[in-house]
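A.B. asks: Each protein sequence line maps, in turn, to chains A and B.
Counting with our numbering, you get residues 1 to 291 for the letters of the first sequence.
Counting with our numbering, you get residues 1 to 220 for the letters of the second sequence.
Simulated from the structure, these hints should not be mistaken for laboratory data.
Positions of the beta carbon are idealized from the N, C-alpha and C atoms, including for glycine.
Mixed in with the good hints there might be a few duds.
[Stated by the list, open to error] Only some residues are given here: those of chain B computed to face chain A with a beta carbon under 10 Å:
{"#": "1", "residue": "P74"}
{"#": "2", "residue": "R77"}
{"#": "3", "residue": "R78"}
{"#": "4", "residue": "L90"}
{"#": "5", "residue": "A102"}
{"#": "6", "residue": "G216"}
[Stated by the list, open to error] Under the rule of at most 20 Å between Cα atoms (straight-line distance), these lysine-lysine pairs were calculated in the PhoX-like manner:
{"#": "7", "chain 1": "B", "residue 1": "K69", "chain 2": "A", "residue 2": "K212"}
{"#": "8", "chain 1": "A", "residue 1": "K18", "chain 2": "A", "residue 2": "K200"}
{"#": "9", "chain 1": "A", "residue 1": "K80", "chain 2": "A", "residue 2": "K127"}
{"#": "10", "chain 1": "B", "residue 1": "K111", "chain 2": "A", "residue 2": "K213"}
{"#": "11", "chain 1": "A", "residue 1": "K212", "chain 2": "B", "residue 2": "K180"}
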Amino acid sequence: MAVPYAFRLAAQSIFHEKWINFLSILTIASGLLITALIALFVYNVDATTRKLPEKFSMMFYLKDNLSRQELENILNTLGKDDAVEMVKYIPKGEALKELKTMLKDAAYMFEGLEENPLHNSIEAKLKREAVCPETAKRLASEMRAIEGIDEVEYGEKFLSSIYSIKVGTRAIGTVFIIIMSGGVIFVCYSTVKILFYRKKEEIETYKLLGAKKRFIRAPFIIEGAFIGFCGGLLSLIGILSLYYLVFLRLSLSIPFFKGIIFPTNISLLLPLTGLLLGMVGAAIAIGRIRY
Amino acid sequence: MIHFHRVSKHYDNQTALRDVTFSIEKGEMVFVTGPSGSGKTTLLRLIYLAEKPDEGNISIAGWEIDKLKESSIPLLRRNIGFVFQDFRLLNNRSVFENVALALRIRGVDEKGLKTRALDSLKVVNLRHKADSYPFALSGGEQQRVAIARAIVAEPAVILADEPTGNVDPDTSAGIIRTFKDINARGATILVATHNRGLFCNTGRRVLRLDSGNLVGEETG
Ligand SMILES: Nc1ncnc2c1ncn2[C@@H]1O[C@H](COP(=O)(O)OP(=O)(O)OP(=O)(O)O)[C@@H](O)[C@H]1O
Ligand SMILES: [Mg+2]
Chain A
1 MAVPYAFRLA
11 AQSIFHEKWI
21 NFLSILTIAS
31 GLLITALIAL
41 FVYNVDATTR
51 KLPEKFSMMF
61 YLKDNLSRQE
71 LENILNTLGK
81 DDAVEMVKYI
91 PKGEALKELK
101 TMLKDAAYMF
111 EGLEENPLHN
121 SIEAKLKREA
131 VCPETAKRLA
141 SEMRAIEGID
151 EVEYGEKFLS
161 SIYSIKVGTR
171 AIGTVFIIIM
181 SGGVIFVCYS
191 TVKILFYRKK
201 EEIETYKLLG
211 AKKRFIRAPF
221 IIEGAFIGFC
231 GGLLSLIGIL
241 SLYYLVFLRL
251 SLSIPFFKGI
261 IFPTNISLLL
271 PLTGLLLGMV
281 GAAIAIGRIR
291 Y
Chain B
1 MIHFHRVSKH
11 YDNQTALRDV
21 TFSIEKGEMV
31 FVTGPSGSGK
41 TTLLRLIYLA
51 EKPDEGNISI
61 AGWEIDKLKE
71 SSIPLLRRNI
81 GFVFQDFRLL
91 NNRSVFENVA
101 LALRIRGVDE
111 KGLKTRALDS
121 LKVVNLRHKA
131 DSYPFALSGG
141 EQQRVAIARA
151 IVAEPAVILA
161 DEPTGNVDPD
171 TSAGIIRTFK
181 DINARGATIL
191 VATHNRGLFC
201 NTGRRVLRLD
211 SGNLVGEETG
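Please take these sequences and the hints and turn them into a complete structure.
C.D. replies: Following this line, the structure appears as structure tokens:
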């Protein structure tokens, strides 16, 4: 089929039904804008929680009077673990020194200390991708079983709550995005459906004149794609202006907004998303063509 | 070319065609006549696959229509030019576009399209109305546009449903002459009409329908 002709028909229809199309575009744009904002939120929560593992480490406190051999053993076991990035032995003398510098103003606290009350310890940093409550728990219980380790400490509660926030926002965000995408498809669907009904007679004539299904479908799919694309473009303009005109300005006075990361190149996918959703909606609206 | 064997077509509580059997050979020009409601349009629509028969067999150009795949229906229709009783012109397209549509559907490219559509309009004496819209034409002019659209792709078969219903005797004589010309070049033509004047003294076969029955065949 002559492709330019399908585009011409679509263009005529878009122009002829400009009000329906315009309202659909606005609806799609607001739907996609909401979707984009949710995605931005999830993205930011994700990015924030991803930075935390860098600061995450586990402390293994050792019993006193370990032999050199026993210490080597523990260090080796830890170092060989797949989840561990780096191990560092901290003798108790050093720990005390550090504590003293940290609490310089309260030096009186250390007066009269005969003996170092601290333990020798090992700090283990986990690999970035391995940081999760399960791994930390496993490592802790494995190490506790080793003779010579007195106590294991890590921010158990903290770690698991961070993870539930991350998983929760992801899940809720995904559900919302699916619902909103469904809504956008539905708007395209109903728009094309209305146009399709209005052209029922015309389509019947096409069929009687021997048109193939593709010939009948193409202009509607193009129109759906166009509506979706325009909606996506509008939502892109919306979110860009929201970011550059509102968030950035607010960040001058409210620090919270300063932390927002805006993935510009991903947001460029919005018009494309709109286009695809529009095509899907149109295809569903046309449905099966029977002769 | 067109074979009906004991074909019947019923609507809800109405029999439009009953036990109709006939054959039309390639290159023939045949008339179907009968009073209003006798089943002429139904007969043509069956050939065009716009309706399915309730009983009997139809074959067109060697294709058994009950064995035809749905995807072949457009291909079959492209071999047939149909002049609809109610014209079926698109009011939002110019006369030219209406005629050209038959070519676009067949995938003719833009270059060939223009000359062929305009030539076809010339045949029905409407070349000067190419840029008008159907709603701005008289009934007879619309009918001629419908004829131009049916013949433009030079189909092997032409089915014309009351093609002279809205025109004066001179114009209708012209239309019949056009069909004869096209027939002389090899197309098979079937014309449904209740106007005896069209087939009188043509020497062509005339099938006579009455209340859905094929009651006789004569020579015009
Ligand atoms: N879609 C339909 N639903 C119900 N009945 C129909 C339908 N189409 C045709 N009929 C009936 O079938 C019979 C034959 O109709 P048809 O249109 O074939 O007649 P015709 O010979 O073409 O008449 P005319 O000369 O008025 O065009 C009529 O009685 C009509 O009422
Ligand atoms: Mg009729």
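A.B. asks: Next, verify each hint and record whether it holds.
C.D. replies: Now for the hints, and whether the structure bears them out:
The beta carbon of P74 (chain B) comes within 5 Å of a beta carbon in chain A, closer than 10 Å, and the hint placing it at the interface holds. The closest approach between the C-beta of R77 (chain B) and any C-beta of chain A is roughly 4 Å, which is under the 10 Å cut-off, so the hint is satisfied. Satisfaction of the interface hint for R78 (chain B) is found here, the shortest Cβ-Cβ separation to chain A being roughly 4 Å, below the 10 Å cut-off. For L90 (chain B), the shortest C-beta to C-beta distance to chain A is roughly 6 Å, which falls under 10 Å, so the interface hint holds.
A hinted interface residue such as A102 (chain B) counts as satisfied when its beta carbon comes closer than 10 Å to some beta carbon of chain A; here the least separation is about 6 Å, so the hint holds. Interface restraint check: G216 (chain B) against chain A, minimum CB-CB distance 30 Å, threshold 10 Å, status violated. Using a Cα cut-off of 20 Å, the hinted pair K69 (chain B) and K212 (chain A) holds, with the two alpha carbons roughly 13 Å apart. Distance check on the hinted pair: K18 (chain A) and K200 (chain A) sit about 19 Å apart at the alpha-carbon level, within 20 Å; holds.
Of the supplied pair hints, the one linking K80 (chain A) and K127 (chain A) holds, its CA atoms being roughly 12 Å apart against a limit of 20 Å. Proximity of K111 (chain B) to K213 (chain A) is assessed by CA-CA distance (about 24 Å); at most 20 Å being required, the pair is judged violated. For a cut-off of 20 Å, the pair hint linking K212 (chain A) to K180 (chain B) is broken: about 30 Å separates their Cα positions.
Figure legend: structure checked against the earlier numbered hints; hints not met, in rising order: 6, 10, 11.
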